[in-house]
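**Student:** Spelled out from the first residue to the last, the chains are:
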Amino acid sequence: MREAEVLVIGAGPAGVMAAAAAAEQGRRVLLLDDNAAAGGQIWREGVAMPGEREDARRKAALGRLRESGAELLAGWRVFDAPAEGRLRAASATAAATFCYERLVLATGARERFLPFPGWTIPGVFGAGGLQALVKGGFPVEGKRVAVAGSGPLLLAVAAHLKLRGARITGVAEQAAFGRLLLFGASLMLYPAKLLEALRYRGALGAARYRTGCWPVAALGDSRLTGVRLTDGSKTWEEECELLACGFHLTPNTELAALLGCAFRQEFVEVNELQQTSIRNIYCAGEATEISGLEGALVQGEVAGLACAGRLEAARACNNRRRSTRSFARRLDAAFRLRSELRSLAVPQTIVCRCEDVTFAQLARYRTWTEAKLQARCGMGACQGRVCGPATQTIFGWKPGSVRPPLVPVPVSALCKDESTA
Amino acid sequence: MTYDVVILGAGIVGCACARECASAGLRTAVIERDLPGGATTAAGMGHLVAMDDSPSQLALTRYSRSLWQELEAELPPSVEYEARGTLWIAADEQEMAEVSAKQAAYVEAKVASTALDGAQVAEAEPNLRRGLAGGLLVPEDAVIYPPAAAAFFLEEAERRGAVLLRGKSAVSAGRGRVRLEDGTEIGCASIVAATGADKALLPWLPIQRRKGHLVITDRYPGFAHHQIIELGYLKSASELEADSVAFNLQPRRTGQLLIGSSRQYGSNDAGVEQEILRRMLERACEYMPGLAQTVAIRAWTGFRAATRDKLPLIGPVPGPVIDPAGDDPTLYLVIGFEGLGITNAPGAARLLVDQLAGRTPAIPVEPYLPVRASLWEPAHA
Amino acid sequence: MHEEMALFVNGRRVAVPQGAMVSSAFLIAGDPCRISTGGEPRTAMCGMGTCFECRAVVDGMPHTRTCQLPCRPGMKVETAG
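Chains as they are written, first to last, in the working numbering: chain A, 1 to 421; chain B, 422 to 802; chain C, 803 to 883.
Don't read these hints as lab results, they were simulated from the structure.
Hints are not guaranteed to be accurate.
Unchecked claim - Quick list of in silico lysine-lysine cross-link-like pairs, DSSO-like style, CA-CA up to 30 Å:
no., chain 1, residue 1, chain 2, residue 2
1, A, 398, B, 589
2, A, 398, B, 620
3, B, 589, B, 620
4, A, 143, C, 878
To be verified - Below, a sample of chain C positions facing chain A; criterion: calculated Cβ distance under 10 Å:
no., residue
5, 822
6, 843
7, 845
8, 849
What the hints assert, rightly or not - Cβ-Cβ distance ranges computed for the label pairs, FRET-style:
no., chain 1, residue 1, chain 2, residue 2, range
9, C, 841, B, 593, 48 to 56 Å
10, C, 805, A, 66, 18 to 26 Å
11, A, 206, B, 455, 55 to 63 Å
No experiment lies behind these values; they were computed from the predicted model shown.
C-beta: ideal position from N, C-alpha, C; glycine also.
So that you can see chain A by itself, here it is in the shape it has in the complex:
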């Protein structure tokens, strides 16, 4: 059993800030993350590239974390909340109980994937997915890569892949130009964001960034050969070896749901101190709103300070916090999914990848639970993390209840502790 005054789940920017801020106030802080290192998706460490500069904010944040005295446990996944003030987590070789006085959920977001013909062919990845795999040592030098889907991540991914030597055939953003123009204009309010966007755009060089354009099929048999794109009136094909495709983000809220936190639509509801509906549980970062790095950083700071009882200092961040909240609203409006994306799947298209359940098999059911019970949709290892948001988009199905284990774990992890953390 491990004890902490403040237990932080997720070592992305929000979690790192929360852990550091609370530890700097003298609290005993434990920070758990299921990845091999801190940084989350945006600051994912990887196989180094000669000449690649470390992101300055990443360096500063991780440096601050190290100095703060917060303890990081990497490679641990939380799978149960068996009692008040307790979580259970598993690593590759052990399971343990973690006790807390205050808990910060900084579980972030994942990409939303939508099924379309061919999306299960090897060579089709998430957008952030391909970036993560490249950081994990998958070389893309000289490869033709198409980027498609939605969200600001597409540009960042394209720029990163290009830096790694990929030949970007183009970036297809489903959002209409008009919406993005409004968003772009609003970026004037956030100069740092604008600079970032322009820098990515510049790095793309000759590759086209098309708006109002989306993938309708990935082509190929056992290996990807191209992508079919449409702008709603005309349809064309582009050759590529890899397709990086994700439709913006969806929050990771399973743990918050298991703990019984209140929700505001799909997000965890928090007050101005990042406090959830449960007194000693806080939530920071993309599980509360999709507002990117800035939002995660300030929310993490607020949560960490609030956990340490420094309410004045936490409230002092309120202007920054409000500004990122308004950014989140603009982001959401700009990249809202167009209705055409709901009908990309054809009858034979697999929707649930774990159990190979097709669109045709699902179309006759009315609810997520019914589809799960009768067609095995969402019954596999990912526990509906991919097909859940997909069927929510396609059919409007609400997700079902959340139960432990939140992630697949060895049966031994559900038995008594084998060893301590």
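Following the hints, complete the assembly by docking chains B and C onto the known chain A.
**Tutor:** Below, chains B and C without anything else, positioned relative to chain A:
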């Protein structure tokens, strides 16, 4: 709107009753508040077992199992019917003595079984721990996937003219009238309560809710071959007060392993509870050490409906002693199957409709008539 | 270039950069991580441990997610299913 029969509840029992009623030519409606086959039916293991904890239990489970066998050819693949057989395992010589008694009961009831020694058990299931005393194989027992079976019964019923009123909640039922939440009144000659462990509509039902947990793993094809149960299971199942666990493992057609079982009284919280889950899984790992390394992908709970004598209630309600509202000649019960609702669904449905239609049943119905409940002490909630 | 190490993907020796994840080793080898229940080849998709498409057999252990699992020299990994 009038029907010959209105069935309350579209669990596997209600669905089987609907099919049986419609087949007998009765105009039938089924009322389901939520999802057909979505409550206790979806939570159960789907083990079709000849259970010998009493002669009457054995008579009903054997009869119902034979109806499943007759149905086998008609069942769609989604029902995943597999005659895997049950392997009851004896840990020591004392339990081996129970094997003999059990086998004698099966011989008496004409249920095929084979006694195995320790070596034969090890050969039949190499992943069981070494040194077990022996076991009893009941080869005709089978496994199914219950929600698909319930859907099959319901489709069959609808094909024969039965009507499903889905998403409808009954607020009162009795004396030939069922009233729905939306104000609709349905008249009928008979009301059949197949409400399982849900006492919301008929709170006087003499049943207790018994919570159970199950865990399913990822795919491990060939890890186990039979439904494997420790002989101590019968002790666990017949325990009327205390919480208990027993090793009960079922290999699914997918290669997944379904691990049970637990029994709890007095818990109305549907949440997965760490402590009883831990006890249940540690028990399973004692019998099959290799399970510890398998990956569990999901856990869930369900509520069984238990009666005082562990036999179901099938038939008319006997009067004011159990129903405070008094003698209601239109009301029938098909409830109280504890862990045997899946096994007993077709048999119970047949016995019910035999009574409704005045047919001669294939086995005596007396042991299951609700009238006996009038002798029970009031059930504590 | 980077320092490399080698592991075995479906019995073939595959060189990967230091710090590479096992999922990337499969991609470099051109082998799927798993064969789906319907018989399709699948490789890692989300790269961050949520989609479970990268499950493979790692040193004999089935159903191991490989996208967050660093390669170790001499590791034996196989396509699952």
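**Student:** Does the CB of residue 845(C) sit less than 10 Å away from some CB of chain A?
**Tutor:** 4 Å, holds
**Student:** Do the alpha carbons of residue 143(A) and residue 878(C) lie within 30 Å of each other, as the hint requires?
**Tutor:** 27 Å, holds
**Student:** Is the shortest C-beta separation between residue 822(C) and chain A less than 10 Å?
**Tutor:** 3 Å, holds
**Student:** Given the hint of 55 to 63 Å, check if residue 206(A) and residue 455(B) actually sit that far apart at their C-beta atoms.
**Tutor:** 57 Å, holds
**Student:** Holds or violated: the hint that residue 849(C) contacts chain A, with Cβ atoms closer than 10 Å.
**Tutor:** Since the shortest Cβ distance to chain A is 3 Å, the answer is holds.
**Student:** Does the Cβ distance between residue 841(C) and residue 593(B) fall inside 48 to 56 Å?
**Tutor:** 53 Å, holds
**Student:** Holds or violated: residue 398(A) and residue 589(B), Cα atoms, limit 30 Å.
**Tutor:** Holds - the C-alpha atoms of residue 589(B) and residue 398(A) are around 20 Å apart, at most 30 Å.
**Student:** Check whether the Cα positions of residue 589(B) and residue 620(B) lie no farther apart than 30 Å.
**Tutor:** Holds. Residue 589(B) to residue 620(B) sits at ~16 Å (cutoff 30 Å).
**Student:** Take the C-alpha atoms of residue 398(A) and residue 620(B), compute the straight-line distance between them, and say whether it is at most 30 Å.
**Tutor:** 27 Å, holds
**Student:** Measuring from beta carbon to beta carbon, are residue 805(C) and residue 66(A) in 18 to 26 Å?
**Tutor:** Check passed, 25 Å falls within 18 to 26 Å.
**Student:** Next item in the hint list is residue 843(C). Is there a CB on chain A closer than 10 Å to its CB?
**Tutor:** 6 Å, holds
Violation of the numbered hints given earlier is absent; every hint is satisfied by the structure.
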